[in-house]
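Student: Single-letter residue listing:
Number of protein chains: 2
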Amino acid sequence: MSLLTVGTVAFDSIETPFGNAERIIGGSCTYIAKSASYFTPGVNIVAVVGGDFPQTEIEKFQKQNINTEGLQIRPNEKSFFWKGRYHLDMNSRDTLVTDLNVLADFDPIIPESYQDCKFLLLGNLTPDIQRLVLERLRNRPQLIVMDTMNFWMEVALESLLKTLKMVDVLSINDEEARLLAKENSLVKAARKILTMGPRFLIIKKGEHGALLFHEKEVFFAPALPLEEVFDPTGAGDTFAGGFIGYLAKTNDISFENMKRAIVYGSAMASFCVEKFGPEALDSLTEAQIQNRVQAFKSLSSFDIVLK
Amino acid sequence: MSLLTVGTVAFDSIETPFGNAERIIGGSCTYIAKSASYFTPGVNIVAVVGGDFPQTEIEKFQKQNINTEGLQIRPNEKSFFWKGRYHLDMNSRDTLVTDLNVLADFDPIIPESYQDCKFLLLGNLTPDIQRLVLERLRNRPQLIVMDTMNFWMEVALESLLKTLKMVDVLSINDEEARLLAKENSLVKAARKILTMGPRFLIIKKGEHGALLFHEKEVFFAPALPLEEVFDPTGAGDTFAGGFIGYLAKTNDISFENMKRAIVYGSAMASFCVEKFGPEALDSLTEAQIQNRVQAFKSLSSFDIVLK
Numbered sequence: 003m004s005l006l007t008v009g010t011v012a013f014d015s016i017e018t019p020f021g022n023a024e025r026i027i028g029g030s031c032t033y034i035a036k037s038a039s040y041f042t043p044g045v046n047i048v049a050v051v052g053g054d055f056p057q058t059e060i061e062k063f064q065k066q067n068i069n070t071e072g073l074q075i076r077p078n079e080k081s082f083f084w085k086g087r088y089h090l091d092m093n094s095r096d097t098l099v100t101d102l103n104v105l106a107d108f109d110p111i112i113p114e115s116y117q118d119c120k121f122l123l124l125g126n127l128t129p130d131i132q133r134l135v136l137e138r139l140r141n142r143p144q145l146i147v148m149d150t151m152n153f154w155m156e157v158a159l160e161s162l163l164k165t166l167k168m169v170d171v172l173s174i175n176d177e178e179a180r181l182l183a184k185e186n187s188l189v190k191a192a193r194k195i196l197t198m199g200p201r202f203l204i205i206k207k208g209e210h211g212a213l214l215f216h217e218k219e220v221f222f223a224p225a226l227p228l229e230e231v232f233d234p235t236g237a238g239d240t241f242a243g244g245f246i247g248y249l250a251k252t253n254d255i256s257f258e259n260m261k262r263a264i265v266y267g268s269a270m271a272s273f274c275v276e277k278f279g280p281e282a283l284d285s286l287t288e289a290q291i292q293n294r295v296q297a298f299k300s301l302s303s304f305d306i307v308l309k
Numbered sequence: 003m004s005l006l007t008v009g010t011v012a013f014d015s016i017e018t019p020f021g022n023a024e025r026i027i028g029g030s031c032t033y034i035a036k037s038a039s040y041f042t043p044g045v046n047i048v049a050v051v052g053g054d055f056p057q058t059e060i061e062k063f064q065k066q067n068i069n070t071e072g073l074q075i076r077p078n079e080k081s082f083f084w085k086g087r088y089h090l091d092m093n094s095r096d097t098l099v100t101d102l103n104v105l106a107d108f109d110p111i112i113p114e115s116y117q118d119c120k121f122l123l124l125g126n127l128t129p130d131i132q133r134l135v136l137e138r139l140r141n142r143p144q145l146i147v148m149d150t151m152n153f154w155m156e157v158a159l160e161s162l163l164k165t166l167k168m169v170d171v172l173s174i175n176d177e178e179a180r181l182l183a184k185e186n187s188l189v190k191a192a193r194k195i196l197t198m199g200p201r202f203l204i205i206k207k208g209e210h211g212a213l214l215f216h217e218k219e220v221f222f223a224p225a226l227p228l229e230e231v232f233d234p235t236g237a238g239d240t241f242a243g244g245f246i247g248y249l250a251k252t253n254d255i256s257f258e259n260m261k262r263a264i265v266y267g268s269a270m271a272s273f274c275v276e277k278f279g280p281e282a283l284d285s286l287t288e289a290q291i292q293n294r295v296q297a298f299k300s301l302s303s304f305d306i307v308l309k
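Residue numbers (the numbering used here), protein chains in the order written: chain U, 3 to 309; chain V, 3 to 309.
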């Protein structure tokens, strides 16, 4: 089933305790599309870059079956740039630089050929732009997944709450869930957020896994214990890309299938953090993905027969 | 199968953001024995209390089928006392008072009737005393599980390493694993600790679940997402008590069965934190435990059929 994602395609500079990477390719849309491309052909992207963005990277998208018709290029401007530094525990980071550049007045134009998309993932952007995308789609997609971040909860809460009413699945991390719901208990926070619009809530806990809430049900997928987390940048987006990619591939948005999608998303994220930037997402094989999912099965399965 | 646990029986004063409890019953041996008693009859304890310890509490142990023959009472002395305060996130705490009292010169005498015990859980005590217990048992138990804490890694590392060589399973939390192995990655830490003596390593991550490592295998059990964590005191001991209680009941120490034991231990810990002190462990029913284990199954099970 056709999939559309809207977000950022950008440059990142990343400092971790294990090394630095200067101006590598990043952005939510990049991670989402590359991750989803392993599940469903023809992932459609809407994003904007400047003239400094390498043509070779655009060709790499295309080789991965990612449709770049909606990727706007502004030759005389610069791409969005983010620089961050991870702390020793890799669970927290400081933002050192945010240069909006082309993103400052991003107008998300939807190519005509994207109009029939059934699965939509709104990557982290201002909630105004996310809503604009929804308004510009003539038919409501079958499933709308929204990612966002604490920043918008602090500076644009009203707009965020409006967008929230229009989506099916919200994907945020544990801190953001607590902030949005003003509840310290994640269970209480989840219950509250499920009254704000989305019918499904994913709470990402980084190295501690991810929770999926729906009505009275809850599912938990662990993160794979890894020897080395090299660079967590983009892990959440990679997770979301695998999640929606799997749903689009199987065309099944039941809670049971979403559980599987969460596991596939977690598997994709586990690859992402093993290398700098999105590099690990450039050349995975079907067998590698299946092996990783098998590792998740082994990690969390047990057989207890209850009376 | 017969089970022996050695640890503390004590008074705790606990401050949490949700309230305070003054001089309630606590201690590692208390939580372990009460938790294990739901799985196997005749849990044997070795511990020491002062004359201030209420006879009614000893009778409660006995009503729960806990054998108190090895509980030494020193009429003219005072019981071990600990006072702690939890931070708002309930994941960290400060120790405000530690009065060793009777614990200062605790001599773990093993009653003759305990000598045939097949399952031994060494609760958190000085590693010297833990080793003394092992030396005083004429026959090596079939399974020896050891709990310890960061404090002994700092002040008695050499003795701790000696004890470690004599046990089958070590149960510690994530911080302690990193400290003991001097490795930030839990996977690397686990691999290192598995060369120090124990064949199995449990790493407890509190609200983030627990990991079981053995040779090249790893199993993860989540913690149940709870609406309210009321008091985390004793959760780790309750977990360990459920773990070894289940193993003793089933008399099966295979890795597969240890996975089940981890789930039962996690279920018991989830009850523990819902009330102050060990109160929740006084009157559980078989049905409540089965329902809780069912909740763990629902939480973490998914069906992905791989090629």
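Warning: the hint list may mix true and false statements.
The list makes no distinction among identical chains, and a pair is therefore deemed to hold if it is satisfied within one copy or across any two copies.
Said to hold, decoys possible - Derived EDC-like pairs: lysine to aspartate or glutamate, alpha-carbon spacing no greater than 20 Å straight-line: (1) Lys-218 <-> Asp-109; (2) Lys-190 <-> Asp-91; (3) Lys-309 <-> Asp-54; (4) Lys-65 <-> Glu-17; (5) Lys-190 <-> Glu-79; (6) Lys-251 <-> Asp-305; (7) Lys-65 <-> Glu-185; (8) Lys-190 <-> Glu-281; (9) Lys-218 <-> Glu-229; (10) Lys-194 <-> Asp-130; (11) Lys-299 <-> Glu-288; (12) Lys-120 <-> Glu-230; (13) Lys-251 <-> Asp-107; (14) Lys-65 <-> Asp-91; (15) Lys-65 <-> Asp-101; (16) Lys-167 <-> Glu-281; (17) Lys-190 <-> Glu-230.
Think of the hints as simulated: they come from the structure by calculation, not from any bench. Because the structure is a prediction, the values reported are computed rather than measured.
Student: Next, verify each hint and record whether it holds.
Tutor: So, going through the hints one by one against the coordinates:
1. Lys-218 <-> Asp-109: For Lys-218 and Asp-109, the Cα distance exceeds 20 Å both inside one copy (38 Å) and across copies (51 Å).
2. Lys-190 <-> Asp-91: between (28 Å within a copy, 14 Å between copies)
3. Lys-309 <-> Asp-54: neither (64 Å within a copy, 43 Å between copies)
4. Lys-65 <-> Glu-17: neither (29 Å within a copy, 59 Å between copies)
5. Lys-190 <-> Glu-79: For Lys-190 and Glu-79, the Cα distance exceeds 20 Å both inside one copy (45 Å) and across copies (46 Å).
6. Lys-251 <-> Asp-305: So Lys-251 and Asp-305 pass the 20 Å test across copies only (17 Å; inside, 29 Å).
7. Lys-65 <-> Glu-185: neither (45 Å within a copy, 40 Å between copies)
8. Lys-190 <-> Glu-281: neither (37 Å within a copy, 24 Å between copies)
9. Lys-218 <-> Glu-229: between (35 Å within a copy, 13 Å between copies)
10. Lys-194 <-> Asp-130: Close neither inside one copy (22 Å) nor across copies (51 Å); limit 20 Å.
11. Lys-299 <-> Glu-288: within (17 Å within a copy, 29 Å between copies)
12. Lys-120 <-> Glu-230: For Lys-120 and Glu-230, neither the intra-copy (37 Å) nor the inter-copy (39 Å) Cα distance is at most 20 Å.
13. Lys-251 <-> Asp-107: neither (33 Å within a copy, 66 Å between copies)
14. Lys-65 <-> Asp-91: Classified as neither; 35 Å inside a copy, 47 Å across copies.
15. Lys-65 <-> Asp-101: neither (29 Å within a copy, 68 Å between copies)
16. Lys-167 <-> Glu-281: Neither. Shortest intra-copy (35 Å) and inter-copy (43 Å) distances fail the 20 Å Cα cut-off.
17. Lys-190 <-> Glu-230: between (33 Å within a copy, 8 Å between copies)
When held up to the earlier numbered hints, the structure conflicts with 1, 3, 4, 5, 7, 8, 10, 12, 13, 14, 15, 16 and fits the remainder.
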